[in-house]
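**Student:** Please take these sequences and the hints and turn them into a complete structure.
Going line by line, the protein sequences match chains A and B.
Under the working numbering, the first residue of the first sequence carries the number 1, and numbering increases by one thereafter.
Under the working numbering, the first residue of the second sequence carries the number 460, and numbering increases by one thereafter.
Treat the hints as calculated values from the structure; they're not laboratory data.
A hint or two may mislead.
[Claimed, not checked] Per the computed footprint, the stretches of chain A lying under chain B, defined by three or more beta-carbons under 8 Å from a beta-carbon of chain B, are:
hint : region
1    : 98-106
2    : 248-257
3    : 337-343
4    : 403-414
The beta carbon of each residue, even a glycine, is placed where N, CA and C say it ideally should be.
2 protein chains.
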Amino acid sequence: MDEKLKQAIVDIVGEDHYTGNIIDLVSYACDASEHCNRPLCAVFTETTEQIAELMKLANLEKVPITPRGAGTGLSGMAVPIRGGIILDLSRMNKILKISIEDRIAVVQPGVIYATLEKALAPYGFFFPPDPASGKVSTLGGNVATNAGGLKGAKYGTTRDYVLGLQVVLPDGRVMRTGSKAMKSVSGYDLTRLFVGSEGTLGIVTEITLKINPRPTATSTALATFDNLEDAGLAINQIMHSGIIPSALEILGRETISAINQNTDLNLPEVDAMLLVETDGYTEAETSFQMEKVIGIFKANHPQEVKEAKTEAEVKDLWAARKSAYAVLSRIKTSSVLEDVTVPMTHITELLKGIQNISLKHQIQIATFGHAGDGNLHPQILYDGYDPDQVERMKKASADLFELAIGLDGTLTGEHGIGLSKAPFMTLEHDPVAMDMMRTLKRTIDPNNILNPGKMALEG
Amino acid sequence: MDEKLKQAIVDIVGEDHYTGNIIDLVSYACDASEHCNRPLCAVFTETTEQIAELMKLANLEKVPITPRGAGTGLSGMAVPIRGGIILDLSRMNKILKISIEDRIAVVQPGVIYATLEKALAPYGFFFPPDPASGKVSTLGGNVATNAGGLKGAKYGTTRDYVLGLQVVLPDGRVMRTGSKAMKSVSGYDLTRLFVGSEGTLGIVTEITLKINPRPTATSTALATFDNLEDAGLAINQIMHSGIIPSALEILGRETISAINQNTDLNLPEVDAMLLVETDGYTEAETSFQMEKVIGIFKANHPQEVKEAKTEAEVKDLWAARKSAYAVLSRIKTSSVLEDVTVPMTHITELLKGIQNISLKHQIQIATFGHAGDGNLHPQILYDGYDPDQVERMKKASADLFELAIGLDGTLTGEHGIGLSKAPFMTLEHDPVAMDMMRTLKRTIDPNNILNPGKMALEG
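**Tutor:** Right, here's the structure in full:
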């Protein structure tokens with residue numbers, strides 16, 4: 001790396017906040033996706049001003065900057081595919097304000113989701129999106145990817161809770177968007193232009209979040225189905241029943257058998273297992289909703305229906321679902337976790353289509369996910385050292401995206417486009433929408449220095 | 460109007476869908492705000508293709524186009540302040556699809572909010588934003604202004620329910636945004652760039668909405684307070700109590716006495732009346748929440764607390780709130796309804812500040828609004844034929860905006876910027892944010908043909 005550039009960077013962030021060590025850069029080359037590329041250097045900033053200076057420098061020198069939180073992204077958005085500088089935001093990790101009366105929390109981007117959860121818990125409040133990576137992922141990353149999770153069907157995703165942002169633009173100017181008020185329709189919705197933009201338009205340095213009181217009661221139940229159609233019908237009927245479960249999860253046969261092979265949970269090896277939670281403030285409320293769900297389960301030929309009666313039983317019912325990703329990730333040397341999402345009426349077709357793709361390419365695909373909002377996680381398991389399997393994984397992925405789009409769905413319900421899904425963007429978006437996204441990128445970041453190479457924005 | 464241009468417009472929309480009649484154009488000159496300006500002509504389109512052709516023509520000829528739904532906007536966004544063409548979308552009023560299992564409704568922009576409500580009711584579903592104008596306002600207008608209403612604190616605003624759009628851009632290209640799936644993070648959030656953009660970036664020709672099952676139980680109560688501080692404390696404590704009421708409304712003293720002077724409701728003349736609704740699926744759930752609220756009311760020196768026991772009593776309690784705007788609008792020849800919004804902890808200060816502004820400018824201001832999300836409606840009553848009163852109304856408005864921004868609030872919680880608040884945009888938004896909005900407008904509508912003169916986008 002050019003010494004003059006290095007010195008200019010060090011002058012901004014300080015010697016202690018700069019690394020060019022190969023061992024550090026190897027770590028910064030990858031995130032939780034299958035992509036890797038080494039940056040020139042990495043810096044840890046501590047202030048908005050440092051970031052503004054850094055952006056001015058990068059813009060002048062045309063050096064790419066890739067922002068990074070915890071690196072838990074599954075689509076490669078934190079991978080510095082064009083080299084340049086990794087901007088590690090994990091040290092900007094202060095909760096700046098919690099105001100329960102105002103229903104807001106103001107945080108820096110490096111605050112971990114779980115840290116905010118812990119800070120809100122004494123007040124009985126929570127930040128609902130609940131991404132599966134919440135124990136390690138940062139709120140800045142959650143905002144950059146518009147993260148979602150188990151509670152999406154009832155509570156929405158990160159986007160629905162971001163009231164305002166402070167953003168450093170690619171030219172180093174600092175901007176505030178949105179409001180600290182619960183509602184604002186003042187001017188264009190700049191906030192949501194940045195939510196989900198994967199660090200390609202600006203660096204978020206402060207986030208104002210809406211927070212919710214946490215419902216104090218839940219009911220939990222599980223049902224197993226020998227037949228995929230029955231499970232699909234049950235899902236549709238639940239959504240038709242007038243309630244929204246706070247969670248409605250599905251585990252497919254491949255996932256169940258993988259869990260059985262790797263844990264002592266001894267699950268029944270069925271086509272589909274559905275796990276449902278209802279919530280509220282009273283037992284009457286959660287039971288009322290759960291009775292509807294159980295009634296629907298029973299009308300659709302379940303193999304078994306189990307309602308949790310104790311905290312321990314609740315934990316047992318969730319154990320299988322919670323183990324899924326980790327168990328599946330250990331089966332082969334490599335795996336890719338997708339997050340295709342379709343309208344709920346197409347879930348059965350999606351599940352069957354995934355089975356067909358698995359057969360066609362002779363590759364193992366285990367599926368679980370959020371049936372309540374049509375968001376499935378087919379996890380493709382393969383040997384990353386076998387070029388033939390890598391090739392088949394890629395073909396299976398491509399088929400999967402085509403399948404989802406053909407079913408009126410989307411490439412990604414919660415992981416984002418990044419590198420992994422960039423080649424498929426034009427499958428989902430028409431040429432005018434693609435042009436609009438590219439125009440926005442060019443307008444806001446004319447030198448293409450912010451997280452370049454992502455989201456098919458250069459086409 | 461130029462005959463050649465007129466003929467070109469008629470060729471696109473047809474003779475029957477064009478009007479240049481002065482009597483029609485007088486109606487099209489105004490909306491529900493205090494602004495008026497006559498257009499050159501008005502057209503009713505019936506297809507996206509017609510709109511695309513019209514946009515191409517207008518872009519070529521540099522003629523302004525102002526889209527219009529029901530014209531219920533309170534900030535002048537449907538007023539053709541630069542003349543040109545009114546594009547009346549009210550005849551594009553088809554509900555294209557309702558899929559309860561998929562939780563979506565697909566509608567044309569001219570569908571009236573209440574029409575969709577009626578269509579969803581048999582399924583027990585609803586579209587939650589519930590704007591006060593819902594009986595007449597169109598969903599296209601709701602999207603253009605990101606409309607909100609009584610249920611905002613619990614259910615959010617229009618923005619939270621728009622999954623996707625079809626939009627005609629200023630150059631006539633047609634674009635689809637978003638997805639029919641419940642969740643998507645595929646590319647930039649183009650959908651929300653257009654929601655709340657007040658018809659300045661594109662013409663929305665199709666809307667895909669997320670719909671919700673309607674809670675089947677409610678509890679309703681009312682409390683009156685002799686002292687504003689007590690009411691303010693009660694509001695804060697409710698938001699701190701771990702529940703979110705489905706409505707929490709406030710009526711101020713001026714509003715109560717105006718209602719008494721113009722109806723036979725005989726309300727107690729107090730500083731503040733709070734009206735609260737809790738909802739759920741069971742009586743246990745709504746009562747549990749209402750008990751918390753009542754407890755808080757009682758701890759804050761109410762003059763009276765009343766719980767509705769029957770449907771008739773519920774109606775009685777709501778009568779005062781529902782009559783407010785209409786009653787106040789009849790007191791003087793003119794009135795302006797504002798919608799400043801502040802963090803909930805500042806509601807008492809906002810209410811007191813409004814009283815001071817009323818005294819300072821010797822002008823009547825009656826306040827009511829959505830205390831649950833900090834969104835108040837000070838309604839300034841004045842004689843529109845008295846230039847001195849008009850002047851004092853303008854000064855009071857300006858003071859009101861300064862007050863709200865000084866309390867960390869926003870100019871507008873639900874009505875939008877339009878013409879009325881355009882001069883105050885820079886009070887709320889920093890120069891970088893203003894520049895970003897203007898850059899977006901210039902990029903997407905370089906000839907400034909779409910609803911020009913609004914939102915301070917030309918500064």
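**Student:** Which earlier hints turn out false for this structure, listed by number in ascending order?
**Tutor:** Violated hint (a single one): 2; every other hint is consistent with the structure.
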